[in-house]
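Fit chain B to the known structure of chain A by using the hints.
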Amino acid sequence: MLSKQQIAQRIAREVKNGQYINLGIGIPTLVANYIPEDLEIVLQSENGLLGIGPFPTEEEIDPDLINAGKQTITMVKGSAIFNSAESFAMIRGGHVHLTILGAMEVSENGDIANWKIPGKMVKGMGGAMDLVASAENIIVAMQHCSKSGDSKLLPECSLPITGIRCVKKIVTDLAVLEIHPDGGFILKERAPGVSVEEIQQKTAGKLIIEGEIPEMTF
Amino acid sequence: MINKTVKDAREAVKDIPSGAFLMMGGFGLCGIPENSIAALLERDIKDLTIVSNNAGVDDFGIGLLLKKRMVKKMISSYVGENAEFERQLLSGELEVDLIPQGTLAERVRAGGAGIPAFFTPAGVGTEVAKGKETREFDGKVYLMERWLRADFSLVKAWKGDTAGNLVFKGTARNFNPMMAAAGKITIAEVEELVPAGELDPNQIHTPGIYVQRIFQGENYEKRIEQRTTRS
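In order, the protein sequence lines correspond to chains A and B. Residue numbers are given in my numbering: position 81 of the first sequence equals residue 81, and the series is strictly consecutive. With positions in the second sequence counted from 1, the corresponding number in my numbering is that position plus 1000.
Isolated chain B, as found in the complex:
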């Protein structure tokens, strides 16, 4: 079996250049590649384009990259939790492409699956439709959306093996599997890295073919945005 293991996050992200087109898994702060983001922060690079459903919070996740002015453009569906993000957006320092969440997920899925475009009902008749081709199928109007593919995808899984197979836990799965497939080079960090053969092949969520580099992550903070309990 091909061994995809790299030493650590620093090793995994060392060749990501300025201007790279990146994808980062996660929904809010759930399932984000904490270690890879931390290692990117140590790099002297800028003008990154990042596809991610959200943009982190001011002091965690992608928010840290924004604060260091490493990001040129975000492609996201919802960015409400980040004051620095809003400041950079309103001042014109940051470009933002806001797109419907299902369209974002499907554009990434299409990128990994080799489908250059598809039609979706989401956004028809709204400003999202501006400049896009529409077509009627069986009496309903749909919007054409293009695939998204990345130079590097940074994903986070619960368990992984040295062959790059990944298993996710709970709602930390979210965008990670599609982004893994849509990256030319996909960097996976896992909470538990095991030798190939130890994960049940029937339970793999992301097959190792999509993963080029994998490493054992450490010190996961797993910050919670809205800690809500019942009494």
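Looking at chain A on its own, in the form it has when it is part of the complex:
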């Protein structure tokens, strides 16, 4: 089973040179720690920044400089600041190449649910609906099962959805999976020590297994 850090580390391997990337809150934020230094990429923050840098030192803290998770941040050289309408213009306009975000559920046709639990959580969708409706490549980082042990990879989402047919790839603590264009989770890689049988058992949606499934290495 992968730790949260290892999920982030595995997703970082999907990053390509020259990409503009939006990282969601939680595990996706950790991805920044594992992007190889020889890649030139730019992190977008939807509250209006291209070029998120590391967290500040105590002396560098600036209350006027935060990320979308409201954390204090710094800017890298060559950063640009803009307003929220401009920020979502670059998101909807397809200029952000890769979006990495968390999810409560993903369905086998690529629907994602991550904003609302009726009667329990009413925090709002923030920028997630705009991001998933527009990004050309969406990778989900999440645990394979909920805390109560239910599969989060389903035939159909049971929670209110954030976007339809948008997820391309999912990295969980157990596996790397891709969404088949005709529906289904294609099993691509297994976490170290996790069997295909275990993944099958914990995937409620249609799982597509073709040939030998390699084990991830770290």
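None of these hints come from the bench; they were simulated from the model. Be a bit skeptical, because a hint or two may be false.
What the simulated footprint calls covered on chain A by chain B, stretch by stretch (three residues with Cβ under 8 Å from a Cβ of chain B suffice, anywhere in the stretch; the number is not a length) [to be verified]:
#1 45-53
#2 69-77
#3 158-170
Derived DEER-like restraints, expressed as beta-carbon distance ranges [stated by the list, open to error]:
#4 P1195(B) with K120(A): 46 to 56 Å
#5 P1017(B) with G78(A): 38 to 48 Å
#6 K120(A) with Y1220(B): 30 to 40 Å
#7 K206(A) with G1131(B): 26 to 36 Å
#8 G1080(B) with I209(A): 36 to 46 Å
#9 G78(A) with F1137(B): 30 to 40 Å
#10 M1144(B) with S146(A): 31 to 41 Å
#11 K1222(B) with I209(A): 45 to 55 Å
#12 G78(A) with D1200(B): 13 to 23 Å
#13 G1131(B) with D38(A): 43 to 53 Å
All values derive from a computational prediction rather than experimental measurement. We put the CB at the ideal spot given by N, CA and C, even for glycine.
Same frame as chain A, now just chain B:
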């Protein structure tokens, strides 16, 4: 040049009536109109509708207005940081319209720019789409969203001049420029108010045409929600 200066926050917000439709800039607590909110708290008004990306925290920002029961309805994208907000929402005391952040930004932008409606992919196939017109363009389905315009917009900038021109700093810019344009009366508070002519016209983010009242703010707290550092 037209002088937009008013004495202080109290003077700037004195005619905002009960039931007014307001916009307030800020993302989280970053770039919120602290002084105008404080002055509103002293007013005996209620039933406000507030468009703001977030709803403050329990003891700061819009959270203070909620606590005093001055708000009838919030139009926001994310409201996770406020227990009083959640309580009022679940008990039915407060109406809330949750809308995607990019849609919120564009609805406000459209309001200021005189565009009554537009089509966006955000929310297609979700409960956000309920009751809204959809249309297909070049093989993809989009949702029609309407503009938002306010009776009063309360914004906060870093620097401003007496003509109402504004310059923002860092990510405190966020929704402030669009809200300035979408308000019938826009009230801008600034950390540093200078005479017209002292700001470089090439560096203005919000032209003074959008600002009706400007004042020198004071005692900025600039509270940080998630103080995060590296070792």
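How the hints compare with the structure:
1. Here the segment 45-53 of chain A counts 5 residues with a CB under 8 Å from a CB of chain B, which clears the bar of 3, and the coverage holds.
2. Restraint check on the segment 69-77 of chain A versus chain B: 5 residues with Cβ-Cβ distances below 8 Å, three needed, restraint holds.
3. Check on the segment 158-170 of chain A: 5 of its residues sit with their Cβ under 8 Å from a Cβ of chain B, so the three-residue criterion for coverage holds.
4. At roughly 54 Å, the beta carbons of P1195(B) and K120(A) sit within the given window of 46 to 56 Å.
5. At about 47 Å, the beta-carbon gap between P1017(B) and G78(A) stays in the expected band of 38 to 48 Å.
6. The hinted window of 30 to 40 Å between K120(A) and Y1220(B) holds, with their beta carbons roughly 36 Å apart.
7. For the pair K206(A) and G1131(B), the beta carbons lie near 33 Å from each other, so the given range of 26 to 36 Å is met.
8. For G1080(B) and I209(A), the Cβ-Cβ distance of about 38 Å falls inside the hinted range of 36 to 46 Å, so the restraint holds.
9. For G78(A) and F1137(B), the hinted distance range of 30 to 40 Å is satisfied, since their beta carbons lie about 34 Å from each other.
10. Here the CB-CB span from M1144(B) to S146(A) is close to 35 Å, well matched to the stated 31 to 41 Å.
11. At about 54 Å, the CB distance of K1222(B) to I209(A) agrees with the hint of 45 to 55 Å.
12. As the Cβ distance of G78(A) to D1200(B) is approximately 21 Å, the hint placing it in 13 to 23 Å holds.
13. A hinted range of 43 to 53 Å for the beta carbons of G1131(B) and D38(A) is consistent with their spacing of about 50 Å.
Taken one by one, the earlier hints all hold for this structure without exception.
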